[in-house]
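Novice: As you go down the protein sequences, you meet chains A, B, C and D in turn.
Note that the numbering used here numbers the first sequence so that position 11 is 11, with each residue one more than the last.
Note that the numbering used here numbers the second sequence so that position 93 is 93, with each residue one more than the last.
Note that the numbering used here numbers the third sequence so that position 201 is 201, with each residue one more than the last.
Note that the numbering used here numbers the fourth sequence so that position 57 is 57, with each residue one more than the last.
Think of the hints as simulated: they come from the structure by calculation, not from any bench.
Please note that a few of the clues may not be correct.
[Stated by the list, open to error] Straight-line alpha carbon distances no greater than 25 Å define the calculated SDA-like cross-link-like pairs of lysine to any residue that follow:
no., chain 1, residue 1, chain 2, residue 2
1, B, K66, B, Y193
2, A, K66, C, P37
3, D, K121, B, G71
4, B, K66, D, H149
[Unchecked claim] Far from chain D by the CB rule (all over 12 Å, computed), these chain B residues:
no., residue
5, V8
6, D10
7, I137
Even glycine gets a Cβ: it sits at the ideal position worked out from N, Cα and C.
Spelled out from the first residue to the last, the chains are:
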Amino acid sequence: MTLLNQKVCDLDAAMANISDGATIMVGGFGSPGTPFALLDALLASGQRNLTLIKNDANEPGIGIGKLIEAGRVKRLITSHLGLNRTAIEAMNSGEIEVTFHPQGLLAEKIRCAGVGHGGFLTDIGISTEIAEGRHEINLEGGTWAIEPALQADVALVHAERADRYGNLIYRATASNFNPLMAMAAERVIAQTYRIDTPGNLPIDTIHTPCAFISHVVQVDHASSQQGACLHDL
Amino acid sequence: MTLLNQKVCDLDAAMANISDGATIMVGGFGSPGTPFALLDALLASGQRNLTLIKNDANEPGIGIGKLIEAGRVKRLITSHLGLNRTAIEAMNSGEIEVTFHPQGLLAEKIRCAGVGHGGFLTDIGISTEIAEGRHEINLEGGTWAIEPALQADVALVHAERADRYGNLIYRATASNFNPLMAMAAERVIAQTYRIDTPGNLPIDTIHTPCAFISHVVQVDHASSQQGACLHDL
Amino acid sequence: MISDQQRILTRAAREVTDGQIVNLGIGLPTRLFHYLPDDMNVLVHSENGVLGCRPRQEGELPDSDMIDSGGAYIATRAGASVFDSAMSFAMIRRSRIDVTFMGAFEVDQEGNLANWKIPGKFSPGIGGAMELAQKVARLVVLCSHNDKHGNPKILTRCQLPLTASRCVARIITEKAVMDVTPAGLEVVEVAEGLGIEALREATNATLLIDESRLGRF
Amino acid sequence: MISDQQRILTRAAREVTDGQIVNLGIGLPTRLFHYLPDDMNVLVHSENGVLGCRPRQEGELPDSDMIDSGGAYIATRAGASVFDSAMSFAMIRRSRIDVTFMGAFEVDQEGNLANWKIPGKFSPGIGGAMELAQKVARLVVLCSHNDKHGNPKILTRCQLPLTASRCVARIITEKAVMDVTPAGLEVVEVAEGLGIEALREATNATLLIDESRLGRF
Numbered sequence: 001m002t003l004l005n006q007k008v009c010d011l012d013a014a015m016a017n018i019s020d021g022a023t024i025m026v027g028g029f030g031s032p033g034t035p036f037a038l039l040d041a042l043l044a045s046g047q048r049n050l051t052l053i054k055n056d057a058n059e060p061g062i063g064i065g066k067l068i069e070a071g072r073v074k075r076l077i078t079s080h081l082g083l084n085r086t087a088i089e090a091m092n093s094g095e096i097e098v099t100f101h102p103q104g105l106l107a108e109k110i111r112c113a114g115v116g117h118g119g120f121l122t123d124i125g126i127s128t129e130i131a132e133g134r135h136e137i138n139l140e141g142g143t144w145a146i147e148p149a150l151q152a153d154v155a156l157v158h159a160e161r162a163d164r165y166g167n168l169i170y171r172a173t174a175s176n177f178n179p180l181m182a183m184a185a186e187r188v189i190a191q192t193y194r195i196d197t198p199g200n201l202p203i204d205t206i207h208t209p210c211a212f213i214s215h216v217v218q219v220d221h222a223s224s225q226q227g228a229c230l231h232d233l
Numbered sequence: 001m002t003l004l005n006q007k008v009c010d011l012d013a014a015m016a017n018i019s020d021g022a023t024i025m026v027g028g029f030g031s032p033g034t035p036f037a038l039l040d041a042l043l044a045s046g047q048r049n050l051t052l053i054k055n056d057a058n059e060p061g062i063g064i065g066k067l068i069e070a071g072r073v074k075r076l077i078t079s080h081l082g083l084n085r086t087a088i089e090a091m092n093s094g095e096i097e098v099t100f101h102p103q104g105l106l107a108e109k110i111r112c113a114g115v116g117h118g119g120f121l122t123d124i125g126i127s128t129e130i131a132e133g134r135h136e137i138n139l140e141g142g143t144w145a146i147e148p149a150l151q152a153d154v155a156l157v158h159a160e161r162a163d164r165y166g167n168l169i170y171r172a173t174a175s176n177f178n179p180l181m182a183m184a185a186e187r188v189i190a191q192t193y194r195i196d197t198p199g200n201l202p203i204d205t206i207h208t209p210c211a212f213i214s215h216v217v218q219v220d221h222a223s224s225q226q227g228a229c230l231h232d233l
Numbered sequence: 001m002i003s004d005q006q007r008i009l010t011r012a013a014r015e016v017t018d019g020q021i022v023n024l025g026i027g028l029p030t031r032l033f034h035y036l037p038d039d040m041n042v043l044v045h046s047e048n049g050v051l052g053c054r055p056r057q058e059g060e061l062p063d064s065d066m067i068d069s070g071g072a073y074i075a076t077r078a079g080a081s082v083f084d085s086a087m088s089f090a091m092i093r094r095s096r097i098d099v100t101f102m103g104a105f106e107v108d109q110e111g112n113l114a115n116w117k118i119p120g121k122f123s124p125g126i127g128g129a130m131e132l133a134q135k136v137a138r139l140v141v142l143c144s145h146n147d148k149h150g151n152p153k154i155l156t157r158c159q160l161p162l163t164a165s166r167c168v169a170r171i172i173t174e175k176a177v178m179d180v181t182p183a184g185l186e187v188v189e190v191a192e193g194l195g196i197e198a199l200r201e202a203t204n205a206t207l208l209i210d211e212s213r214l215g216r217f
Numbered sequence: 001m002i003s004d005q006q007r008i009l010t011r012a013a014r015e016v017t018d019g020q021i022v023n024l025g026i027g028l029p030t031r032l033f034h035y036l037p038d039d040m041n042v043l044v045h046s047e048n049g050v051l052g053c054r055p056r057q058e059g060e061l062p063d064s065d066m067i068d069s070g071g072a073y074i075a076t077r078a079g080a081s082v083f084d085s086a087m088s089f090a091m092i093r094r095s096r097i098d099v100t101f102m103g104a105f106e107v108d109q110e111g112n113l114a115n116w117k118i119p120g121k122f123s124p125g126i127g128g129a130m131e132l133a134q135k136v137a138r139l140v141v142l143c144s145h146n147d148k149h150g151n152p153k154i155l156t157r158c159q160l161p162l163t164a165s166r167c168v169a170r171i172i173t174e175k176a177v178m179d180v181t182p183a184g185l186e187v188v189e190v191a192e193g194l195g196i197e198a199l200r201e202a203t204n205a206t207l208l209i210d211e212s213r214l215g216r217f
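In isolation and in its complexed conformation, chain A is listed as follows (with noise of 0.2 Å):
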């Protein structure tokens, strides 16, 4: 366990031994949440074979979409890639192995995790094509289908502001997968905004208690915001 007092390091730090082959977890549905730079600095320090966890595949040439590009990628778990055609086109040419959950089972197999449980019971997909390769159980007359939980050595997380333990808090909808991540891997790095002194985050506001943090990065809002999707309604 990282120290209370330990957790605040630079980009280098945080992203150091890191091995080929590791199962990441990546916050962010879409751009907001998207851990930027924490992301580039995977880019830079070179791992391959990288499993992948995120709800989405971000867009073309941003955040994971470049992890994808540059080959780095074996395996992605996912929800949706409606926003990444390169992601889709990786994935059909057999570049990278994709696999689908519906997005509220992808949350819950992480937050399982997070939380210690080896799975839980779902009726959820039962006999479409996503039930293939589940096991199913009877309890108290229903029909259930087990997820098992969904671990990472590494989960990189954005957090709008922290305190130097590495309390979180998350902004609007930047908040999606970043809280369950947060709890699910065995080393949780988070970058954020703005890191506080201990006791200058009001205590009722805080989504992610320190005690799951291991590195707590700060990054400015230039490095961290990417994305040409966005569009009004």
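Fit chains B, C and D to the supplied structure of chain A, relying on the hints for placement.
Specialist: This is chains B, C and D only, laid out in the frame that chain A set:
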């Protein structure tokens, strides 16, 4: 479903039509977060053979302690009765049937119902006394016990602050089981000290979104602060 | 003249009543946003983690942390809340959303819906569609009556992989409003100026039509 | 003169190092609170939903919404957070608590712990003890070496229903500090003035004692 614009009501309307034999979740860990005003109304309205789900039994003479002493409770699903000797006596004499769960598993069983799962897999308590009667399965090399979801007809929760739509904010250690129970019953009744106009609660600080809440009742501090066991360390 | 999409959306807006929580699927349903009256107590849910979103108004600065599930900049209205993906789908799986509007590749008279995958052609993933379709209290399909080649999308039986089975309550196209019933699709309303025979020809499903009770839209 | 409890607590405080997250069980361990230096970066977890609690200071008004798991009024220190019961036990089950101190009815040389039930006499429920005992990274038992009748609480094998098996790392009593090892309980330190034979007589377990390395406390 209760419509967004029809949730605020008085105690009598909120607590109407609860049946004999109903299963009722009650928030609170000790006194903080216990919906004392709703419990007093439940006592006054006379239902019998209730099944209560609460972390503890409050203390003698307050909260669900009153309901147990009045002979209104058939069964209690709980984690610990340490602060209530009359509840322990009622259990030992067979007046009430008590089911104990480890505290964190009780919380997760409730949440499980709240998020629409059938149960979860845990390694807590395997081969201890509490494992009796649980189903176990093997998954990915490990042995896991199945804990079924625990739902209720009604949940009674306490929030510090609400708005007219039923968005809830809890305070300090009065949170405890309340956010979990607020998701896990068919009908969820929230008492609160203050009911705001929608838009007045900061959106990043709402703990329970209004979608889960059936009724919101304003109560004063006097009717909802009970408990004699409090002391300094 | 009113376009097909406008006809669908105008009619769909009448499905929403004061006090409801509503989810709008990606594509055509998202545009329903602009057809809901501002003064209604209605909260629109977007599964990426917001309840109570509204379109950004002209001149309102975009907030890069505030998008809907389709990636569009949104704003929030009074009574809104934001939350993580687990909470967002808890609302869905617990049927705390009153009505969801979704598009369709195919929809059939048993209420089966296919809107996520065309094997070999289109498979970007399931997203949140499966949980929405299976669990939201009421699912209304908004889609064109026929595909771009003129083939019926309203079928006796879906051929594509299903999003969820027996999940659709009502179908609104530019030609008709149809309810799923055990006996077939009950036509509730037909578009102004469209004949019954033309509707039957455009449809590949059992249509139950009682002309004496038929509405127009 | 130092009381038995003071001796245990003074020694136990040395188990906590700067930067750790600590849980204190109900009873004697809770009093360890007063033995931790104020200037350490240490957050005390209480399973009812707070990380970073501290004793209320003299003159500080009690906050009726701020208690620990034993029902005592507490306050919070800089860096604290509050959360619901699910989050609180997630930290526990995921071993994000570095060390927990718990009382014992019985503890044995295999590291088994019994502290929640005496059949027929005491069964108020398991509370959070089982998850803490099974999952916290390091479990230190703080208890009197013998019960009020003088019977050993440190045993070859627990007789009471277990809280968790093979969970204890270290036992601190007023008589000794003992580590659980595969070969038996390794005595690390003995109380000032206590003879080895007296310790063996008060104990019903295999004690491994290397007098050349033995500390005093």
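Novice: So, for every hint listed, does it hold in this structure?
Specialist: Evaluated hints:
1. B:K66 x B:Y193: 22 Å, holds
2. A:K66 x C:P37: Given pair A:K66, C:P37 is violated - Cα atoms ~42 Å apart, limit 25 Å.
3. D:K121 x B:G71: Given pair D:K121, B:G71 holds - Cα atoms ~24 Å apart, limit 25 Å.
4. B:K66 x D:H149: 37 Å, violated
5. V8: B:V8 is indeed farther than 12 Å from all Cβ atoms of chain D, at 23 Å.
6. D10: It holds; B:D10 is separated from chain D by about 24 Å at its closest Cβ, greater than 12 Å.
7. I137: Its Cβ never comes within 12 Å of chain D, the nearest being 18 Å, so this holds.
Checked against the numbered hints listed earlier, the structure breaks hints 2, 4; every other hint is satisfied.
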